[in-house]
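Novice: What follows is the residue order along each chain.
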Amino acid sequence: MLCERCNTRPASVHYTEITNNKKQEIRLCEECAREAGITGIGIMPQFVLQNLLGGLFEGTPVQVEPSYVQCKRCGLTEQDFAQRGLLGCAECYTVFGPAVGRILHRIHGKAEHTGKLPRRTGKIAGLKHELKRLRQELDAAVRQEAFEKAAELRDRIRDLERDCRGGQ
Amino acid sequence: MALKKILTDPRSRWMEEGGPEADVSVSSRVRLARDLAAYPFPHRLRAEQAEEVLHAVRLALDRPEVTKRLGKMEFMRLTELSPVERHVLVEKHLVSPDLLKGDPAGKAVIIRQDEAISIMVNEEDHLRIQCLLPGLALQECWELAGTVDDALEATVEYAFNEEFGYLSACPTNVGTGLRASVMMHLPGLAATGMIEEVIPGLSKLGLTVRGLYGEGTKAAGSFFQVSNQITLGRQEEEIINNLTALVRRLVSQEREARRRLHQEQRGALEDRVFRSYGVLQYARVLTSEEAMRSLSDLRLGLALKIIKRIPLSLVSELMVLSQPAFLIRLAGKELKPAERDVLRAQLIRERLQGKKPGADGEGNGKKR
Ligand SMILES: [Zn+2]
Ligand SMILES: [Zn+2]
Numbered sequence: 001m002l003c004e005r006c007n008t009r010p011a012s013v014h015y016t017e018i019t020n021n022k023k024q025e026i027r028l029c030e031e032c033a034r035e036a037g038i039t040g041i042g043i044m045p046q047f048v049l050q051n052l053l054g055g056l057f058e059g060t061p062v063q064v065e066p067s068y069v070q071c072k073r074c075g076l077t078e079q080d081f082a083q084r085g086l087l088g089c090a091e092c093y094t095v096f097g098p099a100v101g102r103i104l105h106r107i108h109g110k111a112e113h114t115g116k117l118p119r120r121t122g123k124i125a126g127l128k129h130e131l132k133r134l135r136q137e138l139d140a141a142v143r144q145e146a147f148e149k150a151a152e153l154r155d156r157i158r159d160l161e162r163d164c165r166g167g168q
Numbered sequence: 001m002a003l004k005k006i007l008t009d010p011r012s013r014w015m016e017e018g019g020p021e022a023d024v025s026v027s028s029r030v031r032l033a034r035d036l037a038a039y040p041f042p043h044r045l046r047a048e049q050a051e052e053v054l055h056a057v058r059l060a061l062d063r064p065e066v067t068k069r070l071g072k073m074e075f076m077r078l079t080e081l082s083p084v085e086r087h088v089l090v091e092k093h094l095v096s097p098d099l100l101k102g103d104p105a106g107k108a109v110i111i112r113q114d115e116a117i118s119i120m121v122n123e124e125d126h127l128r129i130q131c132l133l134p135g136l137a138l139q140e141c142w143e144l145a146g147t148v149d150d151a152l153e154a155t156v157e158y159a160f161n162e163e164f165g166y167l168s169a170c171p172t173n174v175g176t177g178l179r180a181s182v183m184m185h186l187p188g189l190a191a192t193g194m195i196e197e198v199i200p201g202l203s204k205l206g207l208t209v210r211g212l213y214g215e216g217t218k219a220a221g222s223f224f225q226v227s228n229q230i231t232l233g234r235q236e237e238e239i240i241n242n243l244t245a246l247v248r249r250l251v252s253q254e255r256e257a258r259r260r261l262h263q264e265q266r267g268a269l270e271d272r273v274f275r276s277y278g279v280l281q282y283a284r285v286l287t288s289e290e291a292m293r294s295l296s297d298l299r300l301g302l303a304l305k306i307i308k309r310i311p312l313s314l315v316s317e318l319m320v321l322s323q324p325a326f327l328i329r330l331a332g333k334e335l336k337p338a339e340r341d342v343l344r345a346q347l348i349r350e351r352l353q354g355k356k357p358g359a360d361g362e363g364n365g366k367k368r
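Heads up: the protein sequence lines correspond to chains Y and R, in order.
Oh and the first sequence: position 28 is 28 in the working numbering, straight run, nothing missing.
Oh and the second sequence: position 225 is 225 in the working numbering, straight run, nothing missing.
Same shape as in the complex, but just chain Y:
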């Protein structure tokens, strides 16, 4: 059997990847396997199949509206993004916000970061996360008519809001 990628050399590596219960298999020659990042016991933890078969977005077309959205900072267009699946700079995440949000939802099931915050840039973000949590708590307290607790929460929210404005 010939390698499914180059169609010239005999296939000797049978590679399988399973994600979300979806199995993808490919038979490769040694050279192509090496290029794709399959080296002996080491398989680099990235998208081997993406490397082999092309874009991540193949088969699941991203809606490209005829409108011409472009990132002012790096020049990336919506078409560029649809083609390679890569954004151009941090600003792109704002410019292409809604489209990116949809994609993130599809990949991760969620579209909101809850993990580590960088110490400097993440400070305000940390406060805002905390604020959001406190407001939810406040709603719950009001619903349960726990007025003393609600008053306490209101004070803490006010303080935090002041910190947020001060830090910006």
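Check before you lean on any hint, since a few could be wrong.
The calculated DSS-like cross-link candidates involving lysine-lysine, where the alpha carbons are at most 30 Å apart (straight line), are [said to hold, decoys possible]: (1) R:Lys333 to R:Lys308; (2) R:Lys101 to R:Lys333; (3) Y:Lys23 to Y:Lys128; (4) R:Lys4 to R:Lys101; (5) R:Lys336 to R:Lys5; (6) R:Lys204 to Y:Lys110; (7) R:Lys355 to R:Lys308; (8) R:Lys4 to R:Lys333; (9) Y:Lys72 to R:Lys101; (10) R:Lys305 to Y:Lys23; (11) Y:Lys23 to R:Lys204; (12) R:Lys5 to R:Lys333; (13) R:Lys308 to R:Lys336; (14) R:Lys101 to Y:Lys22; (15) Y:Lys72 to Y:Lys128; (16) Y:Lys22 to R:Lys355; (17) R:Lys355 to R:Lys305; (18) R:Lys4 to R:Lys68.
It should be emphasised that the hints constitute simulated quantities derived from the structure, not laboratory data.
Use these hints to put chain R with the ligands onto chain Y, whose structure you have.
Specialist: This is chain R with the ligands only, laid out in the frame that chain Y set:
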């Protein structure tokens, strides 16, 4: 000196003896994707900007408080390495094959002397921080990667936004930027056919399993890589703990399969292990496929104590040693596949007889 060792010695920290659950988990890896706020992502970076990124990263890591904490790092531009040397780094799992794609200018890798930390600069993201340790040690990898991350963040501003977290060129890495993986050796589950049930189960739990196997083919070495798929909307600890728990379950399933195999088919199993050991000790020609299969059998034999007195770490070392670029680097010249098969057999034979690695012949050949 240190650079030469990285490029000629097949041994790395991740192969060392004594990692937790080492009989089944070969190595653990944590990778963080990070980008600098001030620059476009690498695929849209101009040459002089790429240089600025390199410079900023180097400055951040050269600070005395960082070197004191993390140790000295070796900084290598890709352009300073020959193509074969670059592939050696891939075979040692220190850089990704993607780093070698396209123009090498503006790309670099920073490696700590024990090779437990490696940082790729200007791959798909400005920074890919990787920590690699032996056995099942995801928590330790995460802590180490976190330390490197904090050290960099002290002088460099990351691309970050409240909603999406750490921003990366590809949306699949956004959020925590964390990819954790464990390389597992599962010959027991493969031989008993249980692997066909176990793996789809794992993939339903948000994990990705990669391996060189498939219906109709005997698993080439039975090595599988298990990694998290989701990077956004979970905390890092959650990702690490979740993966660790699932790997532990897999470890006990594998041990159970091995125990059964050893009990019910003792003769056949021991025959297979000793045959492979014989091949490794005496063969004059070894294809990489046969080497992988035999080394996998040897590893199983060691874990089950069918064969003693060989450290598990030697098996990992021989697997790296058998890779094409490594052989070419040691030979010092281009080799045809047939020539590689002869050199591979020779090197494995010599190492199993106790010769020390490295072409410069340091050491007196007694390791164990
Ligand atoms: Zn091929
Ligand atoms: Zn942009």
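Novice: Of the hints given before, which are not true for this structure?
Specialist: Hints 1, 3, 10, 13 and 16 not satisfied by this model.
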